[in-house]
Structure formats: structure tokens, C-alpha cells
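K.L.:
Here's the letter readout for the chains.
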Amino acid sequence: MVPAMRTRAIAALRFLRRMLHAMSERTIVSLIYLCGVSAIIFVFGIFFFIFREGAPFLRDRFDAGEFFLTAQWFPTSETNKRYGILAMIAGTGSVTILAMLVAVPFGLGSAVFIAEFCGRTMKEVLKIMVEFLAAVPSVVWGFIGLKVMNPLIIQLTGAPTGLNTLNAGIVVGLMSVPIIVSIAEDAIRAVPDAYREAAEALGATRWQTIRRVILPAAKSGLLAAVLLGVGRAIGETMAVLMATGHADNIPFDGTFPFFHPLTSVRTLTATIASELGEAPHLDPGPDGVYSPDAHHYQVLFVIGIVLFAITFAINLIADLIVRGIRKK
Amino acid sequence: MNATVLFRTVGRRGGAAAGACLLALASCGGGGDQSQPKTEVIRIQNTGSDTIVNLAQEWAEAYRKVDPSVSVEVAGGGSSVGITQLQEGFVDLANASREMTAAEKAEMQHKTGKKPIEWIVAYDGLAVYVHKDNPVEALSLDELASIYGEKGAAAKWSDLGIDNTARCPSDAIVRVSRQSSSGTFQYFREVVLDKGDYKPGAQSLSGSKDVVDAVGKTPCAIGYSGMGYKDEHVKFVKIGKEKGGPACAPSLETVLDRSYPLARSLIMYTAGQPTGPVKKYLEWIMSPAGQAIVAHAGYIPHAAPAAPEAAK
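Residue numbers (our numbering), protein chains in the order written: chain A, 1 to 328; chain B, 1001 to 1312.
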């Protein structure tokens, strides 16, 4: 190549590169801006969509007393349609409580172990394994509930059916462990080393250090971890659909011990998943009035609003708590 | 130096891109050339009842050999799902284990302008299953209603005079039911519960086979499902019209002569009179070759000749 041509080519390329650079800078900035705002758009878009689909039910048929306080769920009845979600709220609540009884000790325990006790190699291995646990698809967990836990629970407890709150609670608990471990571990590691050194200097044993110094210092982070675990447990669908038995029962009553984990229940999420596909999406008649058959589809969206409100509240609380940590 | 590196990178990238373009072109062109001499595969979409889905799948597979130019794509989901999709025009054939309601027919007419045509493709006994170790032999329709119905009082096996405590110490009846889109759910509600409602607290499973699986794993359970799903962990309960009266288990004879109280038709719906490949497919299903597969799948074929019954 002639040297002059070569210089000219290089100059042209440099110019091109500068142009591209200037243009791409602006495009990238606006793209990133769009991505940032998109989360807000999506949240409002989703809320708007669920609300729009559920609105006719809220307008025509909704009765807060019936909806929240009765357990009569007969959306396809031919004689007497009833829409009470108390049993599902109780189901979601009881599965979540049991799941947290399993997940919180396990999750916080392994977070403490990973952050404070184990060596470097062990730590890496454990963290990878916990991430693997998080990667197990929820339908596989459901399968374990259905095929492994079900006969086991019948055998061990003599319960009439193994598909019940206990089964789902254990399965969902194990599913929530990874999220609790990873957030709790971050929170524990964020405790400054100076705290540990000070405790050690005062002659505290390792256990005393953890119990009296580190856990209290990481308190809000640990609470946020638990709340996110709760959010995970409430939102879980497929595994609970398979493991709870999917039956409208309220596992609480007045007789001792007041909570009966061997009862089959159904949750809000599983109800939407199993019924939305089949519920007919009917248009209103010429006078703008929906036939009673159209309410099933709409009421499932109202359940969606309820779920949305619950998880929104939990995430908000978790967020406020985490923000509380940052301020300190 | 820097520029040379850039040059190289550009060159390499350009080369890669050009390669990718060429590949894409080649694959497209090649594909086009290959498929042109062949006739295009005609797809028939067939969705609906979970009771029929296995049978429909067997038909679809066998029909590939009869007419390789037609591919029948089968999906389950429940009778209501199939009917909804037929109304929307998404499918050619809707499988249903119950008849369409008047409202569904009107909706169909309104949405597509076509009348649904009913084709009875097989018969089925809706079997009531219990665990194989359950001593119960026969139940009447009233007893079934007292187990499943909202106003029914039976909650324990002993309420029905049955001692099932050997394998089910709690004596509780675990009711296994179907999700509400299921044609089986609706058929059972119509015939056994006389259009009344189910007692809350039954396990609502989403598949015919799931019901039989659950009953086979649960000695306290009772469930209902297509007779084709029986396996060695469950047994049929004989069903009688009245308590103490004659009762029988579902079988070829009892379903065909209607002495079994829960005998029903399995139906395919088309939107309007079918034409072309769909018509041919239905004719083949009604033919002895198609009906032989019905028996193979565990259902009851038509007593030949079947055609006149089909068009309603």
C-alpha cells in the first residue's frame, strides 16, 4: 500500500470513529434512560391491565364482606355463583408461615455459617450450591412435593392425604432458602470488621460475638432478607399448585392446636393459574351489562389485584428497611 | 498501530457478518428448494377435553400413516378450553366430554357466524375410583352426592357403613375432583349432583390421569375420571342408580347398553359443516379403523355403523 493512501485511510477511520462515538454516546444515554424508566412503565402498565380486566367485577358484583370473609368459592356454579376467597387467603398465609418456619432458621443459619465460620474454598462451594438451589425450576419442586413428600407424609403422620399445607410449606420453604441466604450473607458481611475486632478484644467468644454484636448490627438486612423470602413464598405458584392438594379448606379452627398443617389448602396464585386459562373471556351484551358467566374471568383478576397489593406492601416494607440500613 | 488493530477488527467483524449472511441465505434457499416439490403439510388443530386427549393423540398418530400430508396437532386443557378456542376460531376441532351449553352455542354463533356441529366419536364410562385396598364395592348415585355434594353429609367412610380403617386410620374421605373447566367436572355435577354445587374442600386436580394417580397414592381417597385411566393401584367402584339396587362397573357392555349410570358420549365439535381434510379426518375417526383405536385407548367404540348418529 502507498504510504499516503494509508495515512488518508487512517485519518478517515479516525474521523468515522469519532462520529460514531459521539452518536453512540447519545443513543446509549437515551437507551439507558429508557431502560431505567421502563420498570416504572411496566409496573404501572401491569397494574392498569389487571385493574382494567377486574374492574367490571368490582363494579357489578363485588361485595367486600363476601369476597374477603367467606370461603365459598363457586365461580362456575349453575345455581348460585359465589366468590369468597377467605380459604385462599388462609391457604396462602398458612403455606407462607410454614415456609418461613423452615426457611428462616435454615437460611439465616447458613448465612451466618457462610459469612463467619467457613474457609474460603468451603465458602465458594457453598455459595455456588445455594445458587444452584435457586436455579431448580419451581415445577421440579412441585414434582418433589407430589411424588416424594406425599407418600412420606402419609407414612409418617398418618394423615389422610400427603398433599397439604405441611408439604407445600416445606417445599416452598426450601425454595425460599437461597434468596434469604444470599441477602442475609451480604448483610452480615456488611458489618464492619471493627465490630468483630472490638468484641474479640473484650474477650467475647465467637458465638457471643455473633449473637450479641453481628446479628444485632445486621438486623435490618436480615429482616429484609426474611421479607423477600416471604414475598417469594407468597408469589410461588406451580409448586404450591402441585403440593397443597388445591382444595378450599381453612387450616385454622377453634380446636387445639388451632392450626392444622395436615389439611389440604389452595392458594391465591394457584387458583389463578389453574382457572384463568379456562375462564371464558366474554364481552358485555349490547346494553353494556356482563352476563354472570363473565365474572369468573374478572374475579381472577381481582385476586390478582389482591396479590399485587400484598407483594407490593411486602416489597415496600423490605425496601424501607434496607434504606434504613443505608442511612446508618 | 491502533488504526491497524481497528482495521483488523472491522475486517474480522465484517467477514463474520458476511459469513452469517451467506449462511442465512444458503439455509433459506436450500430449505425453499427442498420443500417446493413436496405438497404443503395441512395442519388440523385439535384441542379440548383431558379425558379425550390421549385418544385424540392416538388418532392423530395413526392418521399420519393414513394421510401423511395432514398433521393433526392435539392439546388438552379441558372441554371448556377447547370450546372457547373453537369459538375464537383458533382450532378446527374441539374435544368435549360434555355437550355444549346453550350459552356456548349462542356465543359460537355470535362470534363465528357458524353453528357448532356435534360428532359423537366414542363413548366413555365415567369411572369412580378408590384405592385398591379400600373395601368399598358399590355406591349409589345418592351416596356419591352425599360424598361430593355441598349438602351431602358423608365425611367419613364409616358414614357410608364402610370400614376403610385398615389402610386409612383417619377414616376421612379425601375427595379428589377436577378443576372447573373440565367437562368431567361439569358432567359429574350435572348427573350426580343434579346441577348442585360441590362441597368445598375437594382436591381440584388438573388432569384425568392426575386423579387416578392421586387416588392410587391415597388409601383414603375417592375420585372420578375416564375409565381408560385405570391402573393397578386403583379399582372401579360399582355404581347403582339406587342404594341396594343393581350396580355395575363401567365396561364395554354396561356403557353401550346404558346400564352403567355414568355413561357419556365423547364429542368433537366443528364450527359449521367441516370440509376438506377435517371432514376426511372425522370420517376416518368414525370408520372401523378409527374406532379400533377407541377400544385400544380404553374407551367404548360405536357399535357400527356410526355415521347417522354423528350429525345433529
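Don't read these hints as lab results, they were simulated from the structure.
Some hints could be false.
To be verified - To be clear about the criterion: a stretch of chain B counts as covered by chain A if any three or more of its residues have a C-beta under 8 Å from a C-beta of chain A, and this derived list gives those stretches: (1) 1079 to 1085; (2) 1159 to 1171; (3) 1205 to 1215.
Unchecked claim - Here are the simulated lysine-lysine pairs, BS3-like style, with alpha carbons at most 25 Å apart: (4) B:LYS1243 with A:LYS147; (5) B:LYS1195 with A:LYS81; (6) B:LYS1132 with B:LYS1209; (7) B:LYS1209 with A:LYS81; (8) A:LYS147 with B:LYS1230; (9) B:LYS1114 with A:LYS147; (10) B:LYS1217 with A:LYS147; (11) B:LYS1209 with A:LYS147.
What the hints assert, rightly or not - Not close to chain A: a few residues of chain B, all C-beta gaps over 10 Å, as computed: (12) GLU1118; (13) VAL1136; (14) LYS1238.
We put the CB at the ideal spot given by N, CA and C, even for glycine.
K.L.:
A separate judgement is required for each hint: does it hold in the structure or not?
P.N.:
For each hint, the structure was consulted:
| no. | hint | verdict |
| --- | --- | --- |
| 1 | 1079 to 1085 | holds (count 3) |
| 2 | 1159 to 1171 | holds (count 3) |
| 3 | 1205 to 1215 | holds (count 3) |
| 4 | B:LYS1243 with A:LYS147 | violated (36 Å) |
| 5 | B:LYS1195 with A:LYS81 | holds (12 Å) |
| 6 | B:LYS1132 with B:LYS1209 | holds (16 Å) |
| 7 | B:LYS1209 with A:LYS81 | violated (28 Å) |
| 8 | A:LYS147 with B:LYS1230 | holds (19 Å) |
| 9 | B:LYS1114 with A:LYS147 | violated (45 Å) |
| 10 | B:LYS1217 with A:LYS147 | holds (9 Å) |
| 11 | B:LYS1209 with A:LYS147 | holds (14 Å) |
| 12 | GLU1118 | holds (19 Å) |
| 13 | VAL1136 | holds (15 Å) |
| 14 | LYS1238 | holds (23 Å) |
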